[in-house]
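Visitor: Take a look at the letters that make up each chain.
4 protein chains.
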Amino acid sequence: MPAERDLKAWLNENPLPFASLLGIVFTDVSKDRLVAEMVVRDDLCTRPAICHGGALMAFADTMGGAAAMVNLEDGFGTTTLESKTNFLAGAPAGSRLVGECTPIHKGRTTMVWQTRVTIDGGRLAGLVTQTQMVLAPRLPS
Amino acid sequence: MPAERDLKAWLNENPLPFASLLGIVFTDVSKDRLVAEMVVRDDLCTRPAICHGGALMAFADTMGGAAAMVNLEDGFGTTTLESKTNFLAGAPAGSRLVGECTPIHKGRTTMVWQTRVTIDGGRLAGLVTQTQMVLAPRLPS
Amino acid sequence: MPAERDLKAWLNENPLPFASLLGIVFTDVSKDRLVAEMVVRDDLCTRPAICHGGALMAFADTMGGAAAMVNLEDGFGTTTLESKTNFLAGAPAGSRLVGECTPIHKGRTTMVWQTRVTIDGGRLAGLVTQTQMVLAPRLPS
Amino acid sequence: MPAERDLKAWLNENPLPFASLLGIVFTDVSKDRLVAEMVVRDDLCTRPAICHGGALMAFADTMGGAAAMVNLEDGFGTTTLESKTNFLAGAPAGSRLVGECTPIHKGRTTMVWQTRVTIDGGRLAGLVTQTQMVLAPRLPS
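Protein chains in written order, with my numbering: chain Y, 23 to 163; chain W, 23 to 163; chain C, 23 to 163; chain E, 23 to 163.
So here's chain Y without its partners, still in its complex pose (with noise of 0.2 angstroms):
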């Protein structure tokens, strides 16, 4: 894992194949606090053309992973044992969410990571909240 302050760089050049497929881009990364965007393109929408449910849950389920990510220690790894949504506002076509992921709970075994999904940072279009597991590092056989 980098310094905190590469956090964000280190991110956005590694994305996960989805994340690229999404056009999600980090724009601060801390241990405490992540802040990322995604433009609400065309095909990332639903019937009306306002983001579909999915996108968001996506979007945000991979703000909370890149959360847990940056406080593991080296060799852990984590994995997202359940996520819960609260949909409330439409995000039209076009528009920008953006997330903000903060710890609810951060654990040895579990962490709880929430995040706030706004519509260009004002009104709010959803909220996020999972957990995730950390993966004790595989001992060699």
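By construction, these hints were calculated from the structure, which means they are not laboratory data.
Pulled from the structure, derived: some chain E residues nowhere near chain Y, Cβ distances all over 12 angstroms: (1) P114; (2) E122; (3) P125; (4) R145.
As a list, the in silico DSS-like pairs of lysine-lysine whose alpha-carbon atoms are at most 27 angstroms apart: (5) C:K128 x W:K128; (6) E:K30 x E:K128; (7) W:K128 x W:K30; (8) E:K128 x Y:K128; (9) Y:K30 x Y:K53; (10) E:K53 x E:K128.
Residues from chain E that face chain C, not an exhaustive set, calculated with beta carbons under 8 angstroms: (11) L38; (12) D65; (13) T68; (14) R69; (15) D83; (16) L103; (17) E104; (18) K106; (19) N108.
Cβ coordinates follow ideal geometry from the N, Cα and C atoms, glycine included.
Assemble chains W, C and E onto chain Y, guided by the hints.
Guide: For chains W, C and E alone, coordinates are given in the frame of chain Y:
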């Protein structure tokens, strides 16, 4: 809404933009049970190369929304209020997710749908429970 | 509904039967923030002697329901559609749970409230997010 | 842990304090299906006189915890990580809640249990899905 025997063709011929991007195909559709498939393409993955949790949630959300839609009376709409996912096993790149969506509750104002997502119809990868609000037709003003 | 300055007295003088059984007391009530307390009596515990998860959820659910209620217009009602809890630390018998309930969303048809439950105002024991449906007055038939 | 045929007696004879307060009785217990009942006493209600959502959640949480426990190896423990409830119908005072708890996932580190709660075995009142973490025995220090 087409007759029940034509729902599958109708859903596959009028895919939501984001469902197209993900490659979701409905294989069996009735008002009380929908089955769909999604191949875990490389660009739907996280690292290591297993299906990104967001892609699995988007797959299930598409099914729950479709499930509500095929149960609506003419003029009514639906929106997802909230969604909860438990992740149970990673689906490797190249595998095929099979989702089966069945109703927990079909009410006048809300519906609750649950989707079991398996890897190639076998091991359970995730369980998604979502609440759909039923939107009454807008009266002409 | 009484004036905002009288909401606390009103809630404490008209407790729900189950809130009485649990010993829930409101200590600060406004339309955008409610605080309540519940002592972890021995009969609210699991084994080992920490607060039963169900008692914590009941405490928070009482607060979310009250929060919705104090925001309703005359004649309207509310019901909980769904609730999600993350458990973060066990509260020992004899400790005092302090809950702080704030709005995520206050809409015309649904409200979403989140309650942080701490042990004696310190360590976070649980986080509860719940959706309240707003019920319109029944018209006379 | 007693033999499987004796689990019901063991659970009913060693109730958790909060389960006693609520009057929960197990009526059928195996490692893959638990059934329990709880009468909606007046003091378990909200207003109007239907079962308080918190009482329903506590009922189901008791079942999910018991379900995990009867599947543990000697020396292991369990704790609830998170719980999600959908409320579907109000159970009137005097009715009897019947809960049926079955496994979604039984893994080495986590289990997921789902409890369907019906009113007198008929109408579905709520659906509860919860994740139990499996706690390894503490090594002697």
